[in-house]
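**Student:** Sequences listed follow chains D and P, in order.
When the letters of the first sequence are read in order and numbered with the numbering used here, they come out as residues 1 to 322.
When the letters of the second sequence are read in order and numbered with the numbering used here, they come out as residues 1 to 353.
Simulated from the structure, these hints should not be mistaken for lab results.
Small disclaimer: the values here were computed from a predicted structure and weren't measured.
Idealized CB from N, CA, C, for every residue including glycine.
Hints are supplied without guarantee of correctness; some may be wrong.
What the hints assert, rightly or not - Residues of chain D placed beyond 10 Å of chain P at every Cβ, according to the derived structure:
| no. | residue |
| --- | --- |
| 1 | 4 |
| 2 | 50 |
| 3 | 73 |
| 4 | 100 |
| 5 | 137 |
| 6 | 178 |
| 7 | 193 |
| 8 | 215 |
| 9 | 249 |
| 10 | 314 |
What the hints assert, rightly or not - Pairs of lysine-lysine residues, derived as DSS-like cross-links and limited to a Cα-Cα distance of at most 27 Å, are as follows:
| no. | chain 1 | residue 1 | chain 2 | residue 2 |
| --- | --- | --- | --- | --- |
| 11 | P | 151 | D | 15 |
| 12 | P | 278 | P | 309 |
| 13 | P | 315 | P | 53 |
| 14 | D | 41 | P | 151 |
| 15 | P | 151 | P | 217 |
| 16 | P | 43 | P | 217 |
Spelled out from the first residue to the last, the chains are:
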Amino acid sequence: MAVTYLEAIRSAQAKALAEDERVFIYGQDIGVFGGAFKATKGLAVAHPGRVLDSPISEDAAIGLAIGASIEGMRPIIEMQFADFSSVAFSQIVNQAGTQFYRTGVRCPIVVRLPSGGTPGGGPFHSQNMEAIYAHYPGLVVMTPATVEDAYHLLLEAIALDDPVIFCEHKHLYNHLKAERLPEKSDLPPNKARIARAGRDATVVTHGAMLHEALTAAGDLAREGWQIEVIDLRVVKPLDSETVLESVARTGRVLAVGENTPWGGVTSEVIARIADAGFQSLDAPPRRLNCKDTPVPYHPNLWAAHRPNAAEITRELRDLLKF
Amino acid sequence: MVELASSPEINEAFPRSASLDPSQSLLLRAYRWMLLARTTDEKLAALYKAGGKISGGVFLGTGQEALSAALGMALRKGDIFSPLIRDLAGRLAFGEPVSDAMRTFLGSKEGPMRGRDGNIHRGRIHEGQLAMISHLGAMISTTAGVLLARKMRGQTGTVGAISIGDGGTSTGATHEGLNLAGVERLPMVAVIANNQYAYSTPNNRQYACADLIDRAKGYGYEPHSVDGTDFEACLEVVGRAVERARSGHGPQMVVGHLLRLTGHGLHDDASYVDPKLKASAVGADCLRLAERILIERGLAEEGELAAMKREAQAKVEEAAAQALREGGPDPSQEDWAAISDARMLDRGLAMRS
Chain D
1 MAVTYLEAIR SAQAKALAED ERVFIYGQDI GVFGGAFKAT KGLAVAHPGR VLDSPISEDA
61 AIGLAIGASI EGMRPIIEMQ FADFSSVAFS QIVNQAGTQF YRTGVRCPIV VRLPSGGTPG
121 GGPFHSQNME AIYAHYPGLV VMTPATVEDA YHLLLEAIAL DDPVIFCEHK HLYNHLKAER
181 LPEKSDLPPN KARIARAGRD ATVVTHGAML HEALTAAGDL AREGWQIEVI DLRVVKPLDS
241 ETVLESVART GRVLAVGENT PWGGVTSEVI ARIADAGFQS LDAPPRRLNC KDTPVPYHPN
301 LWAAHRPNAA EITRELRDLL KF
Chain P
1 MVELASSPEI NEAFPRSASL DPSQSLLLRA YRWMLLARTT DEKLAALYKA GGKISGGVFL
61 GTGQEALSAA LGMALRKGDI FSPLIRDLAG RLAFGEPVSD AMRTFLGSKE GPMRGRDGNI
121 HRGRIHEGQL AMISHLGAMI STTAGVLLAR KMRGQTGTVG AISIGDGGTS TGATHEGLNL
181 AGVERLPMVA VIANNQYAYS TPNNRQYACA DLIDRAKGYG YEPHSVDGTD FEACLEVVGR
241 AVERARSGHG PQMVVGHLLR LTGHGLHDDA SYVDPKLKAS AVGADCLRLA ERILIERGLA
301 EEGELAAMKR EAQAKVEEAA AQALREGGPD PSQEDWAAIS DARMLDRGLA MRS
């Protein structure tokens with residue numbers, strides 16, 4: 001029976017609740033209602049008193065998680081939408097992100113961010129926050145792009161002794177399916193995955209853009225080009241090694257992100273390649289992001305705002321011509 | 001004479017001396033913590049003014065010692081205390097050694113913050129004293145988190161106390177934190193030191209309700225108001241609030257009325273403070289008032305008070321000298337790691353071709 005990306009997230013939380021009494025989940029409408037996206041459906045009934053509805057207080061929810069972690073718990077906070085984590089920004093970057101460095105006391109919390117655009121989501125229910133949080137020290141930032149990673153990275157996040165920002169992509173929630181959840185992950189949480197091997201150019205991406213990049217690579221394969229696609233999986237720490245090794249093989253690189261273009265994951269990837277892989281390059285490294293506006297509401301505008309397979313294909317053709 | 005103890009064990013119960021009325025013994029103990037805090041603050045001020053020893057600001061609790069000490073004394077080992085910037089007296093009474101303040105202000109590598117954070121941003125998390133961040137109100141929900149974890153495990157009998165000022169009550173984090181602790185019905189004691197000014201901003205630019213204690217009802221807290229210049233009243237009112245929280249009566253709010261008798265920090269001459277406020281009852285110095293009460297009641301003689309001061313000074317001088325001897329951290333010995341799991345450090349940040 002097929003498992004969706006969303007079901008993988010629910011299964012990982014169910015497993016953590018069942019196996020580790022320190023785990024609890026706190027967030028808006030996540031109790032009996034099961035959450036805005038149903039990521040906690042059934043969990044409150046199965047684990048009474050451990051899946052709790054919070055007031056609409058994102059800042060206090062993160063503060064509460066930090067306090068509970070001090071007391072030995074492993075809290076998971078569900079933000080209803082990643083966009084609302086900006087209300088909790090101070091607690092995340094100023095307290096969760098600084099605690100271990102300042103005091104030596106670890107802060108094992110997981111903040112789940114339903115991220116990214118969907119048609120009709122609009123400016124305040126569509127944001128991608130991974131670059132913002134990756135900018136701050138003291139945080140691990142995960143961006144699962146597959147059903148398997150949604151499951152295993154979430155379990156890794158709960159097991160880690162550090163604060164984890166877990167960016168789960170809403171566009172993948174029900175679209176993406178896998179046959180089953182493998183018992184073990186084939187990769188540790190600090191390694192990127194080569195999602196498709198190639199020799200002519202490398203695409204470095206993460207989250208929902210992985211699937212656009214794979215479509216583009218498939219299209220170009222019909223013209224004889226072999227595009228390597230790297231799924232970063234985790235953007236902080238960023239697996240520079242896998243990226244640099246790939247670029248050393250292909251000599252060409254395009255970084256693709258759904259985030260806005262100023263700074264961010266793609267610019268970080270390009271900066272590292274320019275710094276440590278300059279000699280490998282046969283062409284200027286390029287990057288592709290969404291447009292520099294808020295995420296628009298209308299499906300026509302939304303579809304044109306984010307990078308897509310056709311645009312990635314076009315960029316890669318340019319890159320291959322150089 | 002009671003020894004100037006700094007161990008948290010002393011807070012486990014108020015002393016019951018055979019020779020003294022319990023409340024009288026309590027007054028003497030409160031005075032000692034207030035005095036030790038004031039003496040430490042005076043030393044910090046002297047070091048700051050001498051220049052070169054303290055990096056960054058110095059923020060004193062002058063005028064707020066009675067309220068703060070009362071809170072620290074009402075708490076027991078196992079409770080949670082999230083002090084704010086003017087809580088040296090409460091910190092000491094809760095068990096923080098004087099050396100923590102000296103080491104953190106002077107940047108000693110041996111201090112609890114190892115030079116990574118300074119001045120009032122210090123704590124001993126695993127001993128129940130959280131290390132404040134500067135963002136006002138943030139520690140309320142954090143304290144609530146500790147209490148919720150205990151509630152989930154069925155652990156009862158401990159309380160969590162937070163300190164905040166009149167200015168801090170205006171932040172969103174304070175509202176969220178107070179409300180959340182109320183919703184979860186946690187044994188939270190929120191002590192608001194209304195010291196009339198937030199940095200330079202007077203109360204009439206800070207809040208529009210008649211009295212901050214009016215907010216207790218809105219958050220579902222039991223209300224307590226106290227004259228923050230009167231150490232006996234502080235001991236009684238704060239002690240009662242803590243006891244109510246401990247015995248299952250839900251969250252408690254205390255508003256203490258007093259005046260900050262110093263600038264926001266030593267860089268601030270506080271010339272904006274209304275002279276009428278200074279001359280009014282709220283502007284009284286709680287330490288001087290405490291001394292007068294102790295003498296009037298025959299609990300201490302002038303000579304004994306002078307001896308207590310000398311004792312406090314000796315303790316503070318020793319802590320300062322020790323912190324100065326220890327010196328600051330060596331950057332070359334730092335691991336520069338903000339993540340505890342070595343696998344999850346971003347090693348690629350340091351990669352070069």
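**Student:** With reference to the structure, classify each hint as holding or not holding.
**Tutor:** Hint by hint, here is what the structure shows:
no.: 1; hint: 4; verdict: holds (28 Å)
no.: 2; hint: 50; verdict: violated (7 Å)
no.: 3; hint: 73; verdict: violated (5 Å)
no.: 4; hint: 100; verdict: violated (5 Å)
no.: 5; hint: 137; verdict: violated (4 Å)
no.: 6; hint: 178; verdict: holds (25 Å)
no.: 7; hint: 193; verdict: holds (16 Å)
no.: 8; hint: 215; verdict: holds (28 Å)
no.: 9; hint: 249; verdict: holds (16 Å)
no.: 10; hint: 314; verdict: holds (29 Å)
no.: 11; hint: P:151 to D:15; verdict: holds (23 Å)
no.: 12; hint: P:278 to P:309; verdict: holds (25 Å)
no.: 13; hint: P:315 to P:53; verdict: holds (19 Å)
no.: 14; hint: D:41 to P:151; verdict: holds (24 Å)
no.: 15; hint: P:151 to P:217; verdict: holds (23 Å)
no.: 16; hint: P:43 to P:217; verdict: violated (41 Å)
The earlier numbered hints that this structure contradicts are 2, 3, 4, 5 and 16.
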